[in-house]
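A.B. asks: All chains should be built: construct the whole structure from the sequences, respecting the hints.
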Amino acid sequence: MVNESPDSRPRRRLRPTRRGKAVMVVCALFAVSAAVLIPLNLIGSDDGREERSTRTLVVPEGRRATQVYAAVDRALGLAAGSTRDTVPKAGLALPDQAAGNPEGYLFPATYPLAPSTTPTSLLRYMADTARKRFGTDRITAGARRNNISVYETVTIASIVQAEADTAADMAKVARVVYNRLLKDMPLQMDSTLNYALKRSTLDTSAGDTRIDSPYNSYQRKGLPPTPIGNPGEEALRAAVSPAPGPWLYFVTVGPGDTRFTESYDEQRKNVEEFNQGRRSATAS
2 MVNESPDSRP RRRLRPTRRG KAVMVVCALF AVSAAVLIPL NLIGSDDGRE
52 ERSTRTLVVP EGRRATQVYA AVDRALGLAA GSTRDTVPKA GLALPDQAAG
102 NPEGYLFPAT YPLAPSTTPT SLLRYMADTA RKRFGTDRIT AGARRNNISV
152 YETVTIASIV QAEADTAADM AKVARVVYNR LLKDMPLQMD STLNYALKRS
202 TLDTSAGDTR IDSPYNSYQR KGLPPTPIGN PGEEALRAAV SPAPGPWLYF
252 VTVGPGDTRF TESYDEQRKN VEEFNQGRRS ATAS
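First residue of the sequence shown: 2, per the numbering used here; consecutive thereafter.
Because the hints were derived from the structure by calculation, they are not lab data. Every value quoted in this text rests on a predicted model; they were computed, and no experiment measured them. For every residue, glycine included, the Cβ atom is placed at its ideal position computed from N, Cα and C. Hints are not guaranteed to be accurate.
[To be verified] Here are the simulated distance ranges between beta carbons:
hint, residue 1, residue 2, range
1, S206, R145, 35 to 41 Å
2, T55, N102, 30 to 36 Å
3, E267, R75, 42 to 48 Å
4, R221, N102, 17 to 23 Å
5, E267, L183, 19 to 25 Å
C.D. replies: Given below as structure tokens:
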């Protein structure tokens with residue numbers, strides 16, 4: 002959600018996106034709607050041996066790198082923090098702008114786990130998959146058309162993934178991001194604050210908007226320095242081809258009812274309608 006004044010912003014919980022509600026699980030082989038199924042040819046040992054996979058790890062769209070690391074630890078039966086500690090020496094194929102941080106490049110998918118799968122082999126497979134998906138002509142041409150880099154496109158997609166209430170809203174949320182960037186306005190996205198505060202469901206307060214962080218998009222203009230999660234295909238599509246429109250604000254008044262507007266006065270009315278609905282629900 003976007004607002005000019007933090008004091009008029011409804012206090013809401015960050016919504017998981019339609020595709021992001023799935024829980025990371027390790028189970029017998031299956032494909033779920035939250036993730037693309039990776040071909041079961043290999044995610045085995047680091048020396049490249051092919052092995053039969055009997056389990057999978059599902060990485061839903063929108064998960065942060067820290068959540069992916071924890072899921073890999075659980076999937077491989079490792080001590081907490083093992084996968085995170087592997088990252089600096091994993092040799093992941095990342096763009097220069099990432100500066101070694103794989104956030105945004107741990108591609109959401111269903112990954113097979115072979116008996117000798119390691120955190121390094123799994124993270125490399127995720128990053129390689131992301132680079133292939135993000136390096137397609139459609140993505141690179143779209144980034145050039147929008148006058149930004151592919152890495153910045155992934156960053157926008159990660160915001161879209163976190164902010165959009167439905168897949169249908171993603172292209173409009175992307176347009177809000179571009180419109181605010183073009184007008185040199187701060188993005189003022191709750192999702193970037195939640196990333197800075199390492200949370201995803203807590204209400205955003207006026208005090209939160211004053212934290213000293215490069216991810217505080219209320220205080221700092223432009224995009225955050227990295228993606229704020231790992232976006233899926235639909236969010237990437239929206240970031241490459243945002244919907245046409247003049248919108249600068251949006252708020253989800255109710256399920257399936259996200260209001261987009263270029264008028265701050267109209268936004269305030271929509272926010273108040275949201276607040277009234279929330280108060281009524283609390284009172285009932």
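A.B. asks: It remains to establish, for every hint, whether it holds in the given structure.
C.D. replies: Checked hints:
Checked against the given bound of 35 to 41 Å, the beta carbons of S206 and R145, roughly 39 Å apart, stay inside it. For the pair T55 and N102, the supplied restraint of 30 to 36 Å holds, since their beta-carbon distance comes to about 32 Å. The beta-carbon spacing between E267 and R75, approximately 46 Å, falls within the hinted interval of 42 to 48 Å. Distance hint check for R221 and N102: the Cβ-Cβ separation is about 18 Å, which falls inside the suggested range of 17 to 23 Å.
Against the hinted window of 19 to 25 Å, the Cβ-Cβ separation of E267 and L183 comes to about 20 Å, which satisfies the hint.
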